[in-house]
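**Student:** Since each chain sits alone in its own frame, please combine them into the complex, following the hints.
Given next are the chains, with one letter for each unit.
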Amino acid sequence: MTFFEARDVNFHFGSFHALRDVSFEFGKGDVLVVCGPSGSGKSTLIRSINRLAGPLTSGSMSIEGRDLANMRARELYRRIGMVFQRFNLFQHLSVLENIALPQRRVLGKSRREAAERARGLLDRVGLADKADSYPARLSGGQQQRVAICRALAMEPELLLFDEPTSALDPEMVGEVLQVMRGLAAGGMTMIVVTHEMGFARELGTEILFMEAGQVVERAPPAAFFANPREARTRAFLDQILHH
Amino acid sequence: MFAAAYDLFWHYRDIYLRGLENALTAAAFGLVLSLFAGGLAGIIRFSSKGTAGRVVAIYVSVVRNTPMLVQVYFIYFGLPALGVTLSAFATGVVALTFNSGAYIAEIARGGLAAIPQGQTEAAMALGLSRRVLLARVLIPQAAPTILPAITGQFVQLIKDTSLLYTIAVLEITKAADDVGNETYQFLEAYLVSCLIYVVICVVLNLLVDQYERRAGFSRHRRV
Chain A
1 MTFFEARDVN FHFGSFHALR DVSFEFGKGD VLVVCGPSGS GKSTLIRSIN
51 RLAGPLTSGS MSIEGRDLAN MRARELYRRI GMVFQRFNLF QHLSVLENIA
101 LPQRRVLGKS RREAAERARG LLDRVGLADK ADSYPARLSG GQQQRVAICR
151 ALAMEPELLL FDEPTSALDP EMVGEVLQVM RGLAAGGMTM IVVTHEMGFA
201 RELGTEILFM EAGQVVERAP PAAFFANPRE ARTRAFLDQI LHH
Chain B
244 MFAAAYDLFW HYRDIYLRGL ENALTAAAFG LVLSLFAGGL AGIIRFSSKG
294 TAGRVVAIYV SVVRNTPMLV QVYFIYFGLP ALGVTLSAFA TGVVALTFNS
344 GAYIAEIARG GLAAIPQGQT EAAMALGLSR RVLLARVLIP QAAPTILPAI
394 TGQFVQLIKD TSLLYTIAVL EITKAADDVG NETYQFLEAY LVSCLIYVVI
444 CVVLNLLVDQ YERRAGFSRH RRV
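Chains as they are written, first to last, in the numbering used here: chain A, 1 to 243; chain B, 244 to 466.
No lab work stands behind these hints, which were simulated from the structure alone.
Source: prediction; values computed, not measured.
Check before you lean on any hint, since a few could be wrong.
[Unchecked claim] Estimated spans, in silico, between C-beta atoms of each pair:
1. E75(A) / L312(B): 47 to 57 Å
2. T294(B) / E230(A): 50 to 60 Å
3. L267(B) / R137(A): 41 to 51 Å
4. N308(B) / E64(A): 53 to 63 Å
5. V445(B) / A136(A): 27 to 37 Å
6. G326(B) / R137(A): 51 to 61 Å
7. L449(B) / I240(A): 55 to 65 Å
8. D132(A) / A356(B): 22 to 32 Å
9. I240(A) / N448(B): 51 to 61 Å
10. D132(A) / A357(B): 23 to 33 Å
We put the CB at the ideal spot given by N, CA and C, even for glycine.
With the rest of the complex left out, here is chain B (with noise of 0.2 Å):
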């Protein structure tokens, strides 16, 4: 089974190495959007119990209450009818980036809410502004912590760019399933897109240990 998978692989290395491509392309732009947009959320949720806040709160509860298909969908066949069409990538990296960023706003809101009251007493009784307590003692605080959530977040976000496949946007599982209706090998077919999953993730989840493992990182900052 395995020998034909790679038989498979090879034979088709073109449309697989396209579909890992695009997924991993998608999923860059999504990480790096995601990580700005829901880390910013987080920190106004954190932060504001006004109108800021509560639109946060609005965003994150919407799209952790609706299924990431349904997000894709609604950008690619219901924003058009508000004037704004995009290509399916461009759908992909959108939905990407507003489906992880929600999470990543409550892992954020999470860590920062975690840091002890005191410290932001202190910040404070020393006059220190909001801008100079959140720059210079949460975020640094919390940012280590939340790490290996981040990280979850982002095997998800690998993960994720599969249902772009119902847009028809090349990526692995397109990839795949284009090669099982030519050759009507699906299982290897699939095999094969089940590992290029898990290499991306493991690798993944390893170099982010190797990281963390270097644990003095948040602790020799500067002032």
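Just chain A, same shape as in the assembly (with noise of 0.2 Å):
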């Protein structure tokens, strides 16, 4: 069943057309991974699901078939989490203020319920020790989980992911991706954008090719991978496959 869809999705910054006629949509516990080279529009896309980017020019996009466009910012962010690149996480506050300060103020949780939340999603992703360091004083693969534990405690139904190991030396990359695993896992229903196509084979239960603000191809990963029908598919695997 139809969980999120995009329809016909249009636009633009300033007269740049950064979006055109974007069309898919996925269920409930999918994985759709995006993928495409830089200035293809795959951050565009996922940032302006959760208007981040500014409005659409045109289309719409749909949760369970309720426009995003008329959802009130408090419904539109507690059911859509987002993890960025830079991780993003607040520099004065410690990993577990991090965690829980949202918690409190968005979803009126009490210190000590955000706490102990904070702790349970630390000690899932191997972080407990970390409770009270500063972002400062972690590794990047390190901030990256703090961030999507931060993210996981508004208990999203819809996570993206906006290139989340692009930022990452190679040794990190590894122990970011296997928490993503493990929620994928879990059944987390997950926009990918993402350049690590051992991840989108294994996990992506729908892979989505996208260049000059279009969609190119979408295919499950066996096919996106064994027999892309594009000639532009082709050509964007043979670079990021044999470099």
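**Tutor:** Have a look at this one:
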């Protein structure tokens, strides 16, 4: 059953046409992997889902049939979480406070409840001992795992990942992917913008290949990697898999 | 020369100390009020692209592009024509607040604008309201970085109290001038006032340095 649907989405940055007639849908528990060359509109696509990019020029996006454009910000951000390329942890707050603050201020949880949930999540990603550290003291991989906890603490129905491993040193990519693997196994619905083709192949329910603001190809990983239909997809895969 | 200045100071200590007291009182009021007004103006300028932000921009521009002496005269001699008559001392406090507030507004706006955009995006994506974003995310991160600039502004504010001399507030410069006029020892009389200014401003800087050195203060706030 369709959970999320984008229908003929167009988006402009000034006069630049960043998304062109983008349509796709996926179901609950799916992992949609979005890939494509830089500047293809991948980030814009997921940033337009939670309004960070700004309002759509035309078209619509909906969750369970409800148009996101008409949804109140409070509800939108409760249902959709986001993990950023550069983590964006609050630098002046400890790891625990980073995860607790939004729970308290948005979900209205008590200090104790919020801290408890934060500790539980940190434990799940192997960072229980870092609860009182400040982000600047953590490695990139650790910061990204904390950022995932912060998003999860809000109990989102859909989690957006904007190139979650692109800002990491290579040896830290694995630990973040491991956490995401756990989420996928737990049935979390995700849209993941990534260049990690191994992750896409292993966990993607479907792969969306974008170029120049358009969806060029959409296919399950097996078909996408084994016999891509479009020449542009083949060229991209050649580049990214054999560099 | 210094010995003579000291003798002069001791002889006229009453007038100097009264000047010092008035200057510090005016500065203290100006400091607190301008921190409040300037901080608020800076936040408005940072977060509003509409009318409120533009009003602040005009305010800042007026203050920065007119001499403070003119601002003092405007309030003291000009406003009575509009039915607002303030005492010399009140004029001093208002002028110091008006003037310093604009500079603090710019410092605050700059501090807020310097925080990476990612912090705001993360707060938005988590559903934090704009109020919580400002109060819990942006201001706590901006505050420590703008502290040195604010201190500089406070030192400026203390020195600016000397302009109140022109509307006959007995502050440090007026005290020195009175003493000079009475004794004709202008060099010594003004030397005393210089030293008073130096001592206040250096002490203020040292206090803030001390405060900053306990650098942890911004890092360990509770949520």
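**Student:** For this structure, which hints from the list above don't hold up?
**Tutor:** none
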